[in-house]
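Visitor: So the chains spell out like this:
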Amino acid sequence: MWYENFWWHLVIAAVILIAYFFFFIVMFIWTERRVIGFFQIRRGPNRIGPLGLFQGIADVIKVMLKEDIVPNKTDKILFWLSPLMAFVPVMMILAVIPFSKGFQLVDLNVGIIYIAAVSSISSVGVFLCGYACNNKYGLIGGMRGLAQFISYEIPMLLVLISLVISSGTMSVNGIVAAQSLPNIIFMPLAFVCYFISSLAEINRTPFDVMECDSEIVAGFNIEYSGMKFAMLYLVEYGEAVVMSTLVATLFLGGYKGIFIDGPIPLLIKMVIVFLFILWIRATLPRLTVEKSMSLCWKFLLPLALFNLLFTAVRITFFPDLAQWIVVLVSIVMTVLIIYLWSGLYKPGRELQHE
Amino acid sequence: MSRHYGQGIIKGMKVTLKNLVRGPITVQYPEEKLNLAKRERGISLAWNPEKCIGCYTCEDACPHHSIHIETSEQPKQLRKLLPCIMKCPAKVEAAKYVRAIATGNPEEALSIIREQLPLPSACAYVCAHPCESACTRKTVDNPVAIRKLKRYAVEHDDGRWMKNVKQAEPTGKSVAIIGAGPAGLTAAYYLLRKGHKVTVFDELPKAGGMMLVGIPRFRLPEDALMHDVKVIEDMGCEFKFNTRVEDPKSLLGNGFDSVLLATGAHEAAKLGIPGEDNEHVLGGVYFLKDVALGKKIEIGNNVVIVGGGNTAMDCCRTAVRLGAKNVFVLYRRTRNEMPADSEEIDMAIEEGVDMQYLASPVRVFEENGQLKVECKKMELGPVDASGRRSPVPIEGSEYIIDVDTVISASSQYPIVPESFGVKKNESNSRIIVDRAMATDIPGIYAAGDNVLGSSTVIQAVAQAKTAAKSIDTYLGGDGNITEVLHNEMPLPLRPGRPNPDNVHDSVYTDVDTRITNFECVEECWDQETAEAEANRCLRCDLQYEVTHYDLKGGQCVYCGLCVESCPFGALFSSSEYERATYTTEDQVLHKEHLIDAPKSSYYHSELDSELPDQSLLLDIDKEESDKKKKKEEEKKTEESVKEEK
Amino acid sequence: MSFKTEEYVLNVGPQHPSTHGVFRMRITLDGEIVKDVEPIFGYLHRGVEKLMEMRTYKQGIPMTDRLDYVSAINNNWPYVMAVEELAGIEVPEKAEYMRVIMAEMQRISSHYLAVGSQMNDMGSFYTVFMYMFREREKLTDLMEMVTGQRMMYNYMRFGGVSQDFPKEFVPLLRKFLRIFPKYMKEYEDLLYDNEIYLSRTKGVGILTREDAINISTSGPVLRSAGVDFDVRRDLPYSIYNKFKFDVPVGKNGDVYDRVWIRMEEMKQSASIIEQALDMMPAEGKYQTKVPVVLHVPEGKTYKRIESPRGILGCYLESDGSDKPYRCHFRAPAFINLTALKKLMVGQTLSDAIITFGSVDLSMGEVDR
Amino acid sequence: MRMGKEIKMKTYDALSKQFEYVKTGNGFAEIPSENILECTEWLKNEAGYDYLEMITASDHNEKFLLVYTLINVVDKTDIIIRTSVPREKPEIDSLSNIWTGADFQEREIFDLMGIVFKGHKNLKRIVLWDGFEGHPQRKDFKDVI
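Protein chains in written order, with the numbering used here: chain A, -15 to 338; chain B, 17 to 661; chain C, 100 to 467; chain D, 24 to 168.
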């Protein structure tokens, strides 16, 4: 068939992916504002289009038409380059995500490494944004962001390694295929670690330390306006799209549905993950940067290491254990370890209250 | 207590989920509208041109200078029913004569006063001025000092008012008036005007009655009183002084066709405490009478006056002038509750009187030849029937003062002699009359304090006027005693806004010299002050047309002070949100916009019943409104089912 | 080899989301640690005290509204009390109750704003803020019903208040008081157990008892440091000695305590309103008639009340004319600001911001 | 609150006994400006008035009147202290070294009324900008606009 031709496949998949990416970014902007609105007992955008659906499009048009201000004394090249540098890698991650059996841009056999590698480039871009704009707020934001990225990369990677061990493959498609039951049931601890660290990776509440408006006034993107700001905005939501897609793929069984397989279960899972992120955002206050660091190093890293150990032991010594036993043991173990560990871990200074 | 990571977060997430389920509380504007409370203050001031007289009070009250008024020079119309005239018992046209003074016409002013009041000089010094307490200017700051303006007018008496007098032909009837006090003199004046022959009997050696003996000379000089009396005397009145009439009925047959009883209130009330029969305990009225008639009284150095009325002030100031070194006034309440004029109290304090508030005498006794008064401290309790806070004695707070004389100036009352034979009340202190001031004996009339109890000069004058009317009618006259004495004046052009100054200070003679003699204390204003004071009058009776009434919306802060300050209730604030948009250029709302604006009940509670009930967002708590709707729907369906049946 | 670090100055404000007004702080930072802080203000200075000298006594009332624009009714009160004392005006009993009810409503709504925006500073992105505004809106509506305004109520007058309660007001207020505890419970669930909230507030921005007194802080800031002092109870004005209420006192003087005190004070205010509604005489005057241009006798006086932010005092001098000779306001937020250096130095930037938020200032009052 | 009143009166008495130059009036104590530091220190350390509530000043033509209110937060009483400085030499000792709370208030008075507080470590304008001329709260201040 003609679409089995490599080049045709590449073009069509790329177009679909880009369309998917931008469509969901725009829809997520709307969803976020609308859903957060409902969480906050207000209505959110409701004027442009039915239910305010075209709000995202209107926003895009607005930022595109705005004047592009380049402040004095900025590092001009980096100022131009860094939004792109932050934006492009986010889109690139989608290349290895399978949307259906056999529908994937490229089925890399080192897909997981590719994801880990590419996603860290984006954080460099974000840091450079903060650095290039010659603003103290921006610099503080960038520094905070960079520190957080680097820290949270570690538990995240450890979890990914445990996934690789469990599925026996590095290909993302392989991991999806290996999930006879979703990984979240198999490895709840891994899911918890991965979810929290990816929240930090994409700068979502409660880890939005690098652009917290109440302290450093949007941090790294403080001096950006117009299209460059739109780019950073796209990074934020693009990361959210990619991250929810990744969680849905890696932990919720990807394109595998209960009744049908294909893109629709994946999209549903992805939206559910995103709504969960929004729910967290609507509820929780922000952590400070040092508390978020301490959470990473003192709480998540031990858990991720333990998870790696646990998975490795399971695969090495009990490869043929019945599924229900594994599920049972891992759920009990997760609850127990989180309960014990969080008793030891203190997020802040305790005083003699009550 | 140890907390485990996650529990609190999950609890919080439950709360947010609950609120998500509750649904939004905001509304989608054009489709849904909020049900809000009515807003009672806003830029859209409502203005009633019929009530507005253009007095500029609102412009002055505005803290941000956002109201601008211009009035026409000529008044649009004359209003009647002014507070100062309505409150005056004798209906002296205060507004009119104040205006005459303001335009530099004190002579005309006197004519206007004379039309209603035959004792202008006496009133100018001692009137209780109910007009001032009713004055509209009081809502702005302090009332216009109408009495002092009257004094100014009286000082400019050039006899011009005589020209317009219409003296009736002699009727041949004669009237006996018992008592040459304010009531008697007034009645005499009007009856003489109507052509009757009048004889005034009095047991005192001079005319004036209570004005002569009840008011000390430093408040009402004898010259002023005699000036008024002389006018009446010149008209042909016959005075019989030092004559006490015991039986008025006997006069009726003996050459008199009618008798007016105007004997006044000359008895002092007792203190009602043990020891007051002592010879050094004097009644205030008797004391003043003795001083006025020139008797020598030894009061010693330490004098205590009990009471807080004007009589008490007169007594204490008289005592100071008689040479007493230490004069105390004991009053049960505080200065705020004192019935005496504030100015009188001030002057008394100035003259060295020691005011002891919240103190009341308990007993008077003599010890080693020294008269002593035991007093008790009081404190203010709850509000009593008279609207003042009643004093409550503090136990164990007694203290003793050494005194030489105690003067009881708490109150005074008349005693109607048995020999008069008229109908009296039970305590013999009032003659009972009908509305025409007639007693139960035909031909005998009564007026003044013996009808009213202890009252004011102007009240007595008012009663005497009614009595004179009745007597004239009784004697066959038409009973019309109105006079027109003043020449028609053109209505004055507006000299701008009313004088914004506060009430002008009175001028008094120097304290050190005045306490040594009985000369009049209050001095007359000069022309400048008098005219400035007269210009403070808002002129409630002249309605100027307001040519411009602008509200600068950009400066208005919706404080509502203009609405509150308007003395005539001509300003309202609006109850609409939407009018708060500025439609006109420069954000100025003009007269026309203000007239059409809807009115709210802010500061005009009389409008409250006309306006719709207030409702709020609070009302549409979802569950309840849903329940209501369901119930209504059920009712409707039930009704429709019934109808079908 | 060792790293060389350099301190740098960060300019927070005047346009900054967390300064609650046009306030500026020059913060010297070492990394993220605050080394020094210098508050700079005056951007909102309108010279209210001087302006009041140029206006008549009554025209001064709208000026006082604009001091602490979050609790306008409380601002009227000391000024009105001072004038009443000098001029010897008596306030009818019913008016006193009305004043108490309105002022306590204002206190609740001010604390709603304080706690809500505190959570917003903490990054809880307007959620608590919006929830609190739901009830605050109802209070504002109720107050609008009485005064006709939503912010600058201009409610108190010499010798009473400007308007009587409309007949619908009291039932609606009672209804609000019924739903109020239910929502308070929700906020306690949302805040007090949340680990992130606890970690961010406990032990942050500590002010010791000695410092709190020495710096003359007042209101929740003073009470959070363990000083049991509330003007309403200890130097009672108006009719506060008729009510029974507790004064919540903190232990550590940290941000947690300040928020906790505000939440508790809201409950106490609600109970005061309830008592006042029960005790309020049904009939009676709400205002003594006072001339528009009041001439106040010569004298000096100082009156203080407990505003939501602390001790709000009014020093008034009169020379017998129709205008105040000198009118000074002891603005609680202005003096609480003195504590800022003590509170912020040594903390990270994020903690410094929420500490600043917990002082709860309104710039209208600070700059005057 | 009769209790509080008694304590207050006792304090006034004690103050006037301690320092001969103190004159007590109806509800306030008058202190010469040069002794203000001594008196307030005594009040703080001996009488327990450790809370400086307010400082303010007013312009009385030939002199400036300064008013201090102190609160005893334990006994719940307050007292008022007045002092005056001549217009030609508006100087007084600063209380900001005893009470940090006086810091901003004294700066505000310096800014608006022009009274110099000796010993204040950072006496500069607080609400007005640095180059501003004159002291607006003074009665003879002419509006420049």
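Hints are not guaranteed to be accurate.
Stated by the list, open to error - Okay, the calculated beta carbon distance ranges per label pair:
id	chain 1	residue 1	chain 2	residue 2	range
1	A	209	D	114	47 to 55 Å
2	B	176	C	397	40 to 48 Å
3	C	278	B	48	39 to 47 Å
4	C	383	B	650	28 to 36 Å
5	B	351	C	250	25 to 33 Å
6	D	147	C	250	28 to 36 Å
7	B	527	C	397	46 to 54 Å
Claimed, not checked - Simulated pairs of lysine to aspartate or glutamate, EDC-like, Cα-Cα distance not exceeding 16 Å:
id	chain 1	residue 1	chain 2	residue 2
8	D	67	C	310
9	B	154	C	152
10	D	162	C	152
Hint data in this document are derived by calculation from the structure and do not stem from the laboratory. From the three backbone atoms N, C-alpha and C, an ideal C-beta is built for every residue, glycine too.
Visitor: Each of the hints needs a verdict: does it hold here or not?
Guide: Quick rundown of the hints versus the structure:
| no. | hint | verdict |
| --- | --- | --- |
| 1 | A:209 with D:114: 47 to 55 Å | holds, 53 Å |
| 2 | B:176 with C:397: 40 to 48 Å | holds, 44 Å |
| 3 | C:278 with B:48: 39 to 47 Å | violated, 22 Å |
| 4 | C:383 with B:650: 28 to 36 Å | violated, 44 Å |
| 5 | B:351 with C:250: 25 to 33 Å | violated, 41 Å |
| 6 | D:147 with C:250: 28 to 36 Å | holds, 34 Å |
| 7 | B:527 with C:397: 46 to 54 Å | violated, 19 Å |
| 8 | D:67 with C:310 | holds, 14 Å |
| 9 | B:154 with C:152 | violated, 23 Å |
| 10 | D:162 with C:152 | holds, 10 Å |
In terms of the numbered hints stated before, the structure departs from hints 3, 4, 5, 7 and 9, listed from lowest to highest.
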